[in-house]
Amino acid sequence: MKRINFIYKVAFVAVSLVGLNSCTTDDLDPSTEQNKPVEGGITTVSNLEGIIKGAYSAMTSSEYYGRDYIITNEVRTDNCFANGSSGRFTTEAQMAYNENNDYIWDNAYDVIASANIVINQDVSVLEGDLDYAKHLQGQAYTLRALAHFDLLKSYGQMHAGGTLGVPYVTEFKGEDLFPSRNTIEENKTAIAADFQAGFDMMSTAYNDSSKEFLNKYAAKALQSRFNVYFGMWPEAKTAAEAVINSKLYSVLSASDFVGSWTQDGSSNSIFELAYSATDNQGINGLAYIYRLGPAGSYGDIQVIDEVATLFEDTDVRGLLPDDDDEPTGILGYEDNMLRNIGKYPDNRGYDNVPVIRYEEVILNYAEALLETGGDALTQLNMIPSNRGATPYTSATKENILLERRKELMFEGFRFDDFVRNGMGVEKVSPQQNLLSTVPYGDYRLAYPITNAETNANSNIVQNDQY
Amino acid sequence: MRSKFTWMLTFFMALVLQFSYAQEKTITGMVTDQDGLPLPGANVTVKGTSTGTQTDFDGNYSISTAVGSKLVYSYVGQKTVEKTVGAASTINVVLEQDAQALDEVVVLGYATSSKAELTGSTVQVDAADIEQVPVASVDQVLQGKVAGLVMNNSSGTPGSTADIRIRGVSSITAGNNPLYVIDGVPVANTDNADNQNSGSSLSPLASISSNNIESITVLKDASATAAYGARGANGVIVITTKKGREGKTAISFNTSYGFSNDAVDGPDVLTGAEREMLFYESLYNSYGVSDGFSRDGAKQHYEDNLGLYGSAYYDWNQAGRPEANWDEVVTNKDAAFREYNLSASGGNENHNFYASLGYFNQEATVIGSEFERISGQLNFQKSLNSKLKFSTNNSASHSYQDGLLETSSYFSSPRTVKFFAPPIEQPYDEDGEINLNTTLPNPLWIAQEDIDDSQLVRILSNNSLEWETPVENLRFTTRTNIDYQVYNYKRYRNRIDGDGASTNGYGWQSHSSRANYVFQNYLDYTWNVSDEHSIDFKALQEYQKNRYYYLEADGDSFSDDGLTNLNSSGNPTTANSYFTDWSIASYMGLLHYSGFNGRYVFDATYRREGNSRFADDNRWGNFWSVGGAWNIHREAFLADSNVISNLKLRASYGVTGNANIDLNLYQSLLNYDSDYAGTGASYPGTFGNQNLSWETSHTYDIGADFGFFNNRITANVGYYYRESKDLLLEVPLSLTTSFEEQTQNVGRMENKGLELEVNFDIIRSQNFNLSLGGNMATNENKVLETATDGTGEPINITTGTRRVEAGHPVYGWYMVSYAGVNPDTGVDEWYTDGEGSATTTTWSQANQVWQGESALPTLTAGLNLHIDAYGFFLDANGYYAGGHKVFEDWTRYTNGTDRFSLDLYNGVDALLDRWQEPGDIARFPKMEYTAKPWQNSNKFLYEGDFIRLRNLTFGYDFNQKITETIGIDGLRLFLRGTNLYTWVKDDRLKYDPETAADGFTSLTTPPVKSFIFGLNVKF
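These protein sequence lines are chains W and Y, in that order.
The opening residue of the first sequence carries number 1 in UniProt numbering; numbering runs sequentially from there.
The opening residue of the second sequence carries number 1 in UniProt numbering; numbering runs sequentially from there.
Next up, chain Y with everything else stripped away, as it sits in the complex:
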């Protein structure tokens, strides 16, 4: 590693030489704000040229120019200043706050707004926070930063998808994922890998390098999401890529290197010796009395009956009782992580550009899996003449994911081997070769021979032309965006051992392409009524079309080992292709009024959208919102206040929509993808529903923003209430119709909650800053109404563990209540009708009851600490989620008190807390030589509360003297740790507390704990 960095520095020096030879007169100085605090990243340009620079982290700059030229100093939110270069070689500049452009600008997708003029609820995360978080998928940076956003990684496999829920869930069976917007355009965010439902998922967001992102804004309420109203019910995530900056070409090189391990080890399993002991105990408990042997005689009884019980333990004892440690052999300890990103940005008043090239590589924490991405970005803007401006944002990337069998508990997955492989069977044989003589496929062999590869090529091209029309303040923009994704999947199962052995090898390959086009035309008009009043209008027309083509083939009976393409398949078994499309057309009008010097702000938005998912007559929906804000601090009575620097009240109400359902559900269709006796067959496919239309959410949101002591303390507090109506519900049908469900607009659900964000700059000075911030959100979800059947009875959706019923949280936990182990008999007992009722030893005689919670956290919180002093900085970020419950899945096997744990697979070591003799108080019943059926109960339902130290970063920004000496503009080193510490409230919960959105623990890849060393150089 040492040699690698030496090489990198050589590489920088070569570049440095190229960019720093021009010499005229060097002006240095410092740019500060009105309080004397340095402004890092302020622009310093030579007027009329393309020469320019930015101030460093300490507000210092250095620029070469001729005497007599003018330097322009600018910074977002501050007034621009010009200085003429004279004899002095030091020019220090103070930039005053610009009252009109107070604080930051918030990107809302179609538009931007200053924070003061927002009437909605939004949170923006900027580049500085994103760059230092090297992640495979950019949405991961949002966790803990946004009040009310809950993120669940369904898997820790690098590049896989995450479930994001903003302010709870608004839909029962339609999609609950937010809408993603990149550079003003809604993009397709469908998991391309979802056709192969047993492998790793691959998020389209994993194709975007986080280095290229300027900001991510989360739009939460109806006013903020109004512009995307028809699809805004689940919130909107707006991603903006970096643009070029005027001034000297700035080059930046970021590199990170690190390693990862599982954040949580997961449950420990029984050793061979423990498992053997429990096995003999099970024989004694089951047959000791009937066959007349004692507890101590159980081993002899076993050895006398090897024909009946199998000889596994006997053979193991003969072999010297070797312990297998499956967990260790499949772990990829200190899985490597690397990222390099080189970018350049520059321009003048006529054009600017941003270009970058990146490489990202992350290994999974188990053998045989990794993620790799190469990405490029080129953003370019040019003024064609004084009226026309052309802008193009382009990115291309190739992502490769060597995936795993996951999503369920597959015997041949390295993730499950710890739980399923008997610890008395060895991974390697006597010769040190992979042992293929195991009862389950050996994952060492599978990882070596089998293939689960995904490749995704994604090209995004966003092109617009902006025309300052002859009408003053009227601007016309036209935009075309193409999002093209080509996905390839290759699966191979070897001929020797595992899932392909019975068919002499198995191969499956698929290819899909998704083309998503968006065309936008819009008019912006600003009517400056007077100096104190202005109204912005926007009228937009948008058309989006998505075409998806899929092709797959599979085959078995491969001709030889090591040949994995279908070319070598002796028996091609499937050839399949299909094409689907959907389209959306919309018209949108937006009005923004700012009056009395920004004291009063009013927004109104209307969007009419048509969606191909609905029948002709119900295709169009109308969505709208209104919002208002009162900037009290701009009123005269507060203008001179030394205490209150910001006080804003805001409120909004609106109707947003959701159409996140499968295609063509409104039509009653026959499917033709079946066959019988070698010929094609057809069968009823969808029930159809001509009345199907939009699901709508009616949200009101009130809030207040505070700033005290020159915004040293800022806070905002808000309350929301969202009622979702006409839910797009998959209403269960009587199976006698041959359909499982019909999608109908029926049912209502509410979400309400309180959100709070506070930030306190405890110390603010030139060389020492300390700030502490936090956010907190509550969410209360309740189903208000469900569908009814022919007789008017409500149709509740019930599974073995969860239920949807009016008056309860959606998919609340609903299962049999466990009454514990009977101390006298050592058997499990359950309550027949919930806690307090009679108990039974027959699980099937116990009724399911409400358990009070769902998998959705009711309280989430984040805490951020920032310290910087003399170039050193420390950032810490913690996250809490709680008030929900998670369910340990697969307990029939992993927690089996029977042959599943003791004879066939393995069990967790918690089983050692079992009943042995009358009077024992134990968590688990007596071991028995039997195979019990599934008996789900709240015995395995745990409190889900956890705290996680999401991020801890320590770094150093080299001061200007050093950087000047080596000829660069900036140098930063940092060490970052993610998920270093996790606290779980319920100590029975051994798995990672971050489960998928459904609240079930899984045996698949948990989030990782990682250490990353990073280096950022600017020159």
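Next up, chain W with everything else stripped away, as it sits in the complex:
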């Protein structure tokens, strides 16, 4: 009896103990109040729109169009140098970069991953405007093409004596998580196909006046840039003509040009990335590195002194005479240092960043006409005549490249214009950080692939000499 009593009491205590608070696996489910699962998180067209906006947002990051991609392609040329005031971009300017730098590799593939989620979504199962869903998929194809094109220009071996391009990724969390590099030719085919798919799937019904989202003609405009880069002249001509014939855009006049950089969605803008008072790169933005500004900033990127002599006194892109009544030009002096004070001028980074504007398409068209035998001069002169500069008397490759340099200066085109024309980077000014001329074919004309990638993925072949 005593023994039973004992067991009973132990059992009672044990049961009440467990009963007081017993926990199961389900009690341990964490809450995810800020997130939704990837699988099953997209049920409406508006969900899809959220994802594509995530792709645009990834493009605005400081490492990509927010600053680094543009600055790297200026500071490696005869336009700009890094004065070291915060230590930024001297490595890029000396072309002394190494594989510890991830540059745009991660950012561009972020854009591609988001684009792939949208592209591979079966839109027929979504709630909402399914035509709009298709339009969003067209944007995604275009973004995928653009990001791969930017990667190819940066890491491809076109100008460093090789054949390798970059991995062309078409699936999010797909079968091959350790992709190898495709060839340059494979990349070109895929990019062209994606630009075309983008154009085909987007509808003019959804054209957006803000220019902050891609539309049909933005796809064509970017395609013309791609075709010019690879010397695909008939295709470049067709693509540029499609944009011009849309009659949606115009070349800005000399009086409007400088002011357009403080405004969003100007008539010359085809596609620009949105920045605002609440969404910007701040001290990691373009103006903070280009300018000293009224209150001080990094101001590392200075303009090489000789650049001022490129422009006529009346050219709004140069140094306009110092007169309080006149608007200032794109160039200016801050603390006796020649600087870009006109493009992306807001030191807080509130200005939108154009990705492609109409003047570039005109210059692409002029170059394509020159190569295919058309009236290049008329197209070329549309630019100087709207900038307060003297028109050219003849359209030559040299004149077109000079006008591209003047018109697109500080926007990240100069380096590409060198290499696509078989030129290296020449040391022309003692201000350039470069110690000596880097000839065409030099390994430094292809960026090293970051060791974050090569460490994780042994299928990636590093560029030569890194």
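Keep in mind that the hints were calculated from the coordinates and are not lab data.
A virtual CB, placed ideally from N, CA and C, is assigned to each residue, including glycine.
Any given hint could be a false lead.
Computed footprint of chain W on chain Y, listed as stretches where at least three residues anywhere in the stretch have a Cβ under 8 Å from a Cβ of chain W [what the hints assert, rightly or not]:
hint : stretch
1    : 155 to 162
2    : 606 to 612
3    : 669 to 683
4    : 733 to 741
5    : 773 to 781
Dock chain Y against the given chain W, drawing on the hints supplied.
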């Protein structure tokens, strides 16, 4: 200061009057042990009443009671004695050693154990050692006291966090911090300030006053940490707060006052004149030949080309070459330190209490930063009836930290100004006002105008009910613990100068609250098999839940100067809030067998724990340990030995776990915290891994404890081997997936080492004691296996300076090897493939190679000396760490042989050892007018060995005659110096050798050297 202490004494006297008026018959006497040595702190109580006292530092006591009453004398580890009060007014008592409760009791968290019955490896630091170490954060007292514990202060800013590593590191990318347990309950120890990643950190431990701590126990091996098995892989730190003692209410007042300076001055920088000289030299080296000027003509060349080079030096010469001394103007020399703590403790057999109130204030050694804490503690225990005992431990504190911009090298931090501000630019202008016309923000202005304030309110309430069940020897306890932390952060950047100038002011404020609940129920049963054998059982169920809520907002464009709240922001830019939670459920069983009069001890523990960080199917993990000990000295053949008083062999083996990773990593999630063009955007957040589960460590530990000559000499020696498996590794993914990593259970790592502790009571007598103790530990860490990629190739984690690869210590140094300055050309050269290979002058052509060491010390040691004589005492404590290397960071700027040092910022004065002409053997290459890229190499990798005199305390305990005269129970004065002396092996290492755990020197706040005067009064 003099007037302050006078005031304090008045205050004591007022209290003294209150507590010493009762007069009956006064009994005095001395309590000693079997060797005739006085026992300080022994309890003397009047049986059946709440009256009681404790013996003083000399074993003397004095108590008032009526004739015929019984006095009870008790002391931990000694047998209790009762004496009846008769005619005599002096009663001297000898307390014999209690064989069953030999020496000290060790607190293990859920349980306590006598030292003899321990099968695991533990070290306990008691109140006496903690009280005299006034520190902002209690974990700081552990350094040098525990073999195998390495502590790295990431910053000397008072209140900031420290990295503690026990027996090396067991994880590569999951957390390596130990688990903290306060009064038996695991608590949240997350840095509340980690959301604002550029400011000072604030440790939750800084909210606890060290005065309220009875003991801190460090549990090291699998057997000791077994009860916390699932989270014990990195060791466990068990903190126990003070409990009330039976007897007369004892009041104690501790106060300390002192001042601090940086323990190590850090590198000296170039003066304006030196920097100017090197600048002209750089012009000569770069352009002398091409522009046709001589070394001496460099100055003229500069002055002829001010448009090209800027006119800074010219203007400085015109102004009379004033030297700036930035370092001096931002230093808070002799930074003040104050602490006051008043506590009371008392009770009878039915209830007892401990209460305290404390204030702590410490200024940083640079301007504009301090830490302040007000804390209170109330611990209360009451027997509700003969079967039920209620116990509650409560603490509340408010900590305030005026922090700094640190963690990186920010231009506007007062810590970096010495390295970045050109010494030819002046801190003050001609009118004596702060000079705002500087190229970098003036830290004098920043310290005055900008705000980086953290405030932490922490409330800990630990309540338990203990029930002696009707079953004999079966006890049931239920416990609820709430750890509630409210954290506020305020940042403001002024409109005039510095980081807020470009946006006309910038403000950011955040608020977070963390509630951590723990519910425990457990049964304790002791089965006394016979007189010689007993078995203790414990069954425990525990549930822990942590809820965290965060809210932040920021804005710029402030309407006016001096208005720093977001209310005045014209452009609110961010509003953000989020909520996260995690929970843990566990079941634990513990068995402790002690047989043959304690000769044989056996422990077995099993814990099953579920964690919300893992997917349903992999949520639960099983952890266990077994341990045994053989107390050889209790065997008959040693019982009569005069030499060996203690000899114990112990061994343990067990499996412990670690789940110290971010939340919700197992799920594949979209994040929604992005936006574009004014609308919300989403993007892939985590890759997810449904297979994610526990990281486990398999440890065996063997050791022996020795005691010779009645424990005059004690020692213990141990060896451990820990293999960590299924590491929670952030496996790098191909970035083409858009993810940087996926957390997987992959990889193995081992840690092994030898630990030794020795203590020698050289002289043991009534009036003179001398003891010397030391500890030493080795640690050898090796990665055994890492993840592999799709083709089976190992994925090594490589940075510009470190690497994780199988066969090497984790994050071992891996960088380009420096070949020195070419004596003919004066340029840097590097080895293409490590020392001995071909050299190159192009850094990017040199490959990184293993440098042989990591940042983790392989040998640490501590040395303690104690002397006391006639009331005077001296304690000294030294610490050594070595066998590791540290890397000097930011050398591109601070050690630049180019415009970074000579034109834009400033450089260290070591640069004066530079190449000037062919044949020069120099540490630094020729100065050049250029801006070089980062060129990390082992040129800046130094041996990390150092010795530090951590603590030197000299004090006096007033004898009883004096204290009686002024009517108090005890009075102690002491003077303490911390970090008074530091020896560094590598004389190139100018920064403090105590770096963060990653081994990089930083420009932020180093540990301090301080002098503290302290006064303890008991009455």
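- request: Could you check the structure against the hints above and give me the numbers of any it violates, in ascending order?
  value: 1, 5
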